[in-house]
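Listed below, chain by chain, are the residues.
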Amino acid sequence: MTDVLGLFNYWIVIVLMMTGFYIVIARHNLIKKLIGLSVFQVSVFLLYITIGVVDGGTAPIVAEGYAVYSNPLPSVLILTAIVVGVATIALGLALVVRIQEEYGTIEEDEIQARDHQA
Amino acid sequence: MFEHLAPLQVVVPLLASPVCALIRHRRTVHALTLLVTTLTFGISLMLSVQVAQGGVISYAMGGWAAPVGIEYRIDALTVLVLMIVSGIGALVMWYSHESLDIELPHGQYARFHVMYLLSLSGLLGIVITGDLFNVFVFLEISALSSYVLISLGRDRRALTAAYRYLIMGTIGATFILIGIGLMYMMTGTLNMADMAVRLRGVAETRTVLAAFGFLTIGIGIKMALFPFHLWLPNAYTYAPSVVTAFLAGTATKVAVYVLLRFSLSVYGVEFSFERMPLSAILMVLALVAMFSASLVAIFQQDVKRLLAYSSVAQIGYMVLGISFASVLGLTGGIVHMANHAVMKAMLFCALGCVVARIGSTHIDDMRGIGRDMPLTMGAFVVGGFSLIGVPGTAGFISKWYLVQAALASGYWPIAALILASSLLAVVYVWKVIEVAWFEAPPPGRRQVREAPLSMLVPLWLLVVATVWFGVDGELTSGLARRAAEALLGSGGAA
Amino acid sequence: MEGGTLLVVAVALPLAGALAVSLLGRWPNVREASSLATAAALFSVVCSILGRHQAGEPLEIELIEMLPGLSIAFEIEPLGMLFALVASGLWIVTTVYTIGYMRAHKEVNQTRFFTCFAVAIAATMGVALARNLLTLFLFYEALTLSTYPLVTHAGTREARDAGRVYLGILLTTSVLFLLFAIGWTYSLTGTLEFEPGGILRGHADPLMIGVLLALFAFGAGKAALMPFHGWLPAAMVAPTPVSALLHAVAVVKAGVFSILKIVVYIFGIELLAETAMSDWLVYVASFTIIAASLVALSKDNLKARLAYSTVSQLSYIVLGAALATSAGVLGGGMHIAMHAVGKITLFFVAGAIMVTLHKTEISDMRGIGRQMPITMACFGIGAISIIGLPPMGGSWSKWFLLLGTIDAGMLPVAAVLIVSSLLNIAYLMPVVARAFFAPLPQTDTAAGHVDAQGRGIQEAPLLCLIPICLTALGCLALFFYADAIYQLLKPMVTPMVTL
Chain A
1 MTDVLGLFNY WIVIVLMMTG FYIVIARHNL IKKLIGLSVF QVSVFLLYIT IGVVDGGTAP
61 IVAEGYAVYS NPLPSVLILT AIVVGVATIA LGLALVVRIQ EEYGTIEEDE IQARDHQA
Chain Y
1001 MFEHLAPLQV VVPLLASPVC ALIRHRRTVH ALTLLVTTLT FGISLMLSVQ VAQGGVISYA
1061 MGGWAAPVGI EYRIDALTVL VLMIVSGIGA LVMWYSHESL DIELPHGQYA RFHVMYLLSL
1121 SGLLGIVITG DLFNVFVFLE ISALSSYVLI SLGRDRRALT AAYRYLIMGT IGATFILIGI
1181 GLMYMMTGTL NMADMAVRLR GVAETRTVLA AFGFLTIGIG IKMALFPFHL WLPNAYTYAP
1241 SVVTAFLAGT ATKVAVYVLL RFSLSVYGVE FSFERMPLSA ILMVLALVAM FSASLVAIFQ
1301 QDVKRLLAYS SVAQIGYMVL GISFASVLGL TGGIVHMANH AVMKAMLFCA LGCVVARIGS
1361 THIDDMRGIG RDMPLTMGAF VVGGFSLIGV PGTAGFISKW YLVQAALASG YWPIAALILA
1421 SSLLAVVYVW KVIEVAWFEA PPPGRRQVRE APLSMLVPLW LLVVATVWFG VDGELTSGLA
1481 RRAAEALLGS GGAA
Chain P
2001 MEGGTLLVVA VALPLAGALA VSLLGRWPNV REASSLATAA ALFSVVCSIL GRHQAGEPLE
2061 IELIEMLPGL SIAFEIEPLG MLFALVASGL WIVTTVYTIG YMRAHKEVNQ TRFFTCFAVA
2121 IAATMGVALA RNLLTLFLFY EALTLSTYPL VTHAGTREAR DAGRVYLGIL LTTSVLFLLF
2181 AIGWTYSLTG TLEFEPGGIL RGHADPLMIG VLLALFAFGA GKAALMPFHG WLPAAMVAPT
2241 PVSALLHAVA VVKAGVFSIL KIVVYIFGIE LLAETAMSDW LVYVASFTII AASLVALSKD
2301 NLKARLAYST VSQLSYIVLG AALATSAGVL GGGMHIAMHA VGKITLFFVA GAIMVTLHKT
2361 EISDMRGIGR QMPITMACFG IGAISIIGLP PMGGSWSKWF LLLGTIDAGM LPVAAVLIVS
2421 SLLNIAYLMP VVARAFFAPL PQTDTAAGHV DAQGRGIQEA PLLCLIPICL TALGCLALFF
2481 YADAIYQLLK PMVTPMVTL
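Read top to bottom, the protein sequences are chains A, Y and P. For the first sequence, the tail end lands on 118 under my numbering, and the numbers increase by one without skipping. For the second sequence, the tail end lands on 1494 under my numbering, and the numbers increase by one without skipping. For the third sequence, the tail end lands on 2499 under my numbering, and the numbers increase by one without skipping.
Misleading hints may appear alongside valid ones.
Said to hold, decoys possible - Computed, partial: chain A to chain Y, Cβ under 7 Å:
#1 V84
#2 Q100
#3 R114
Stated by the list, open to error - Every beta carbon over 10 Å from chain A, so not counted as near; a handful from chain Y, in silico:
#4 L1144
#5 I1167
#6 A1280
To be verified - Derived, one-sided and incomplete: chain Y residues facing chain P with beta-carbon distance under 7 Å:
#7 V1403
#8 Q1404
#9 S1409
#10 Y1411
#11 L1424
#12 V1435
#13 G1473
For the record, the hints were derived by calculation from the structure and aren't laboratory data. Built from N, CA and C at the ideal position, the CB exists for glycine as well.
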């Protein structure tokens, strides 16, 4: 039982990951896909950050009286990854704006229909 | 200065990129990019000389020693891929002048160069780094900039192609990130060499196996391995010709490099190919890619799309070579990386010349163009021969190694299949050749001149390279064999 | 000049000639002179190579290492020497003929034609002089690709479709079978060099040898073994000079030359004789001989009939190789020369008839012997050589092949050879007979050509006539010089002193 509850962070990661992935695949709206992608990426961020926590450790800032610190490296890595994620979503949204200008719609099936007509 | 060549390889294009964003004047931007890409190629040549003389180079970024700091690690395989990427990057940029004037939408000139340099530095960074997370960062840098590059095509479908590539590419990169995270969890390090050592104790845990799976799929998406190749045909077809030429010669090859690094240098050949069924999986997927993509290519009406599917098939060859996990097989896969980069870049450059003159790559529009543009289509013919594997061209060398590897491993049916799929290449190459020379030009097309000299010279340099690598096969295959032997001898998990 | 360099010159000279021709296109006479000069120069180079070879000088050169342990290399050995002589000698004659033909026919794209022709000859030289299978394969493929523009010269839909058949069959066989066999040989033995006595002894069990032989024999698609012979009749859509030199001499001979060379220097005659693994090839070749002759009988188009005759005659050479006896191999080698000279005469005549009288069907050729007596007489001479009767050269090669069948103890195959000669008479002699003994039709309306003067002599253009006479005389001369060829080829089958 403690195994299940003790690993709650992983469960959340899995739920978020699958939710995000499902949205990307199943939704036709381009912005919704990006939202799914974002959720997917967030799940991975949580994976990294939560594995950095050390039992009984404190925040990784050197201070008097503390011996055990949590691992700062994953958080640092994720800072980079968050930036990458932001850039990706920003770029994706910019593409969606341009697609809207060119096609007049952001539904994937309508876009395909218009391409077939042309 | 020469001790710091390794980071300079990445830093030079990386810094030049935002500088291009600040410059308004078109000619200056282009000249700067030309200078930077040529310089980058020069650096990679110097690095290869250093590796040839001194063995593996290890450079600690910022003076922080590995495994705490980020390490740049350069061995035989690294310099081979560095030279390919920077060489194609420079040559395509020299080629691009007229093509960009014709194909880029108004106002995107500077942006193109910014993204080009970013993409180049990202690709170089992936290859040169010895730190796994660094690979992810550079992977995303190159990927994001290539999404932008692709979206710069004239056709509005370039936008949807870029969007789809973005979605699929990000999923792939995120899978790789998951894999890296799981590996970090189990080994506590991000340095590839260090991880190989630490992997020995934990290789059998479910986490490591799961990480292996995530990494393979993620890299497969980036590599356009069947069935993850769905983003490639549209992306290559609708991007500007220069972009396609550049990406076709570099992006997927770098992904193959990452596959080699993590499956062999990090995990080690026993784990990846014997404990895990990577050999069988890659072999099957590669064979399916070779045949299905070639078959689809035959029925394409747009020559650019035809070549894109051909690329998917050729990646199949590379992966097939890797799946044998022998020195011969790896040599074949690595040599094909080099050869395919040169020949595909050349083919797409030739198509770019065609676009510059007639504005289309649809096969009906290309009727009779061989008579008007003999030099351009002559280059296309040589590239086609190389795809088929005619002796005297680079493609033959790759095919030879792959067939030898198959026979040496006892898989003679696969050797027959490799040769049979080359025949499919004959069909789709000859389809274009026949249309270019046998058909009458479509009514209404005015007399077409040959492509401008600024495009022809780099194009024919690539032709010369294709033939040179085909005749002096030892040049590339010698380097590839050293790389293959080094890869098979390294790696930790047993 | 260094002996080895001379070999390189033999291959490089036609290439240089091709370049010269392509640049001189604007001045036809200079261009033609350049072609002729190159052909003459090449023949003299080959003759000087012959001289050195006869003097016992070993001639070989390694050019570049393409793959580890595998280089592009040339050397001279008896069979290659013969092939080089035949090809280069007949090139001069064909060039003269082609000039006459192209001008009489007012062909377009002549520069492209002469350029590709020269490149094809260079490739042929490369095949003849190859020292290992890799070099052979390289030039073999170059030959296929360089003759494609020649076959499809007309640029019509028909030419394009014929080109597809041509390329399809030749590339499929060479990639799927020949390259596979070469790769397999390398992985078995670690080398691809042509060695007297073969390189496969001890590396492969009998069944593997049989399979390898099949791959090589069918892989050399240019040898037109059935069922991969379809490209030859398809290639007849090409202008007659192409059919004459390339498809009676260079291309097809490259195919059978390859098979013969591989049998002698990769497998070794003794190995094949011991394991009896070439018997099946004897049957396949015999079948092709008879079947192709029967098809030739049914063809009314002269070029088509000659094409199938070539398919049949090529299998003579394959038969000679498959018999795995010295006499058979020597007979096959001699037939390379005999058939080349005989067949080229026949094709030259076919082209001359077309260019002068605009006739292609045999049924239209009644009485043309009266209009073109010299031409048709030469046809008769060539026909006798192909049939294999004295005093023409073809009789000698047939003799040795018969000896070979007796040596191998395969008397039914001797019967095949004799039946085939009868069939040759049946499909070649009627052409001559019809030309000389049938009366001229009253009004000659074939192809709308009305012979206003009636019965006057209307010979082929001089530039065509001279080569025809030369090659016909060659058929006769070869009868008397057969011994020289025999002596040239004999070292090929002399048992090596083993250590």
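Here's how the hints hold up against the structure:
1. Because the beta carbon of V84 (chain A) sits about 5 Å from the nearest beta carbon in chain Y, less than 7 Å, this interface hint is met.
2. The interface hint given for Q100 (chain A) is broken, as the beta carbon of that residue sits about 10 Å from the closest beta carbon of chain Y, more than 7 Å.
3. Violation of the interface hint for R114 (chain A) is found here, the shortest Cβ-Cβ separation to chain Y being roughly 9 Å, above the 7 Å cut-off.
4. The non-interface label for L1144 (chain Y) is inconsistent with chain A: the shortest C-beta to C-beta separation is roughly 6 Å, within 10 Å.
5. Distance check for I1167 (chain Y) against chain A: the nearest CB is about 6 Å away, which does not clear 10 Å, and the non-interface claim fails.
6. Every beta carbon of chain A lies more than 10 Å from that of A1280 (chain Y), the smallest distance being close to 26 Å; the non-interface claim holds.
7. At about 4 Å, the closest approach between the beta carbon of V1403 (chain Y) and any beta carbon in chain P falls short of 7 Å, and the interface hint on this residue holds.
8. Interface hint at Q1404 (chain Y): satisfied, since its Cβ lies 6 Å from the closest Cβ of chain P, which is below the 7 Å cut-off.
9. Restraint check, S1409 (chain Y) versus chain P: the minimum CB separation of about 10 Å is more than 7 Å; hint violated.
10. Hint status for Y1411 (chain Y): violated, given a least beta-carbon distance of 11 Å to chain P, over 7 Å.
11. The closest approach between the C-beta of L1424 (chain Y) and any C-beta of chain P is roughly 11 Å, which is over the 7 Å cut-off, so the hint fails.
12. Because the closest C-beta pair between V1435 (chain Y) and chain P is about 10 Å apart, greater than 7 Å, the hint is violated.
13. For G1473 (chain Y), the interface hint holds, since its Cβ comes within 7 Å of a Cβ in chain P; the closest pair sits about 5 Å apart.
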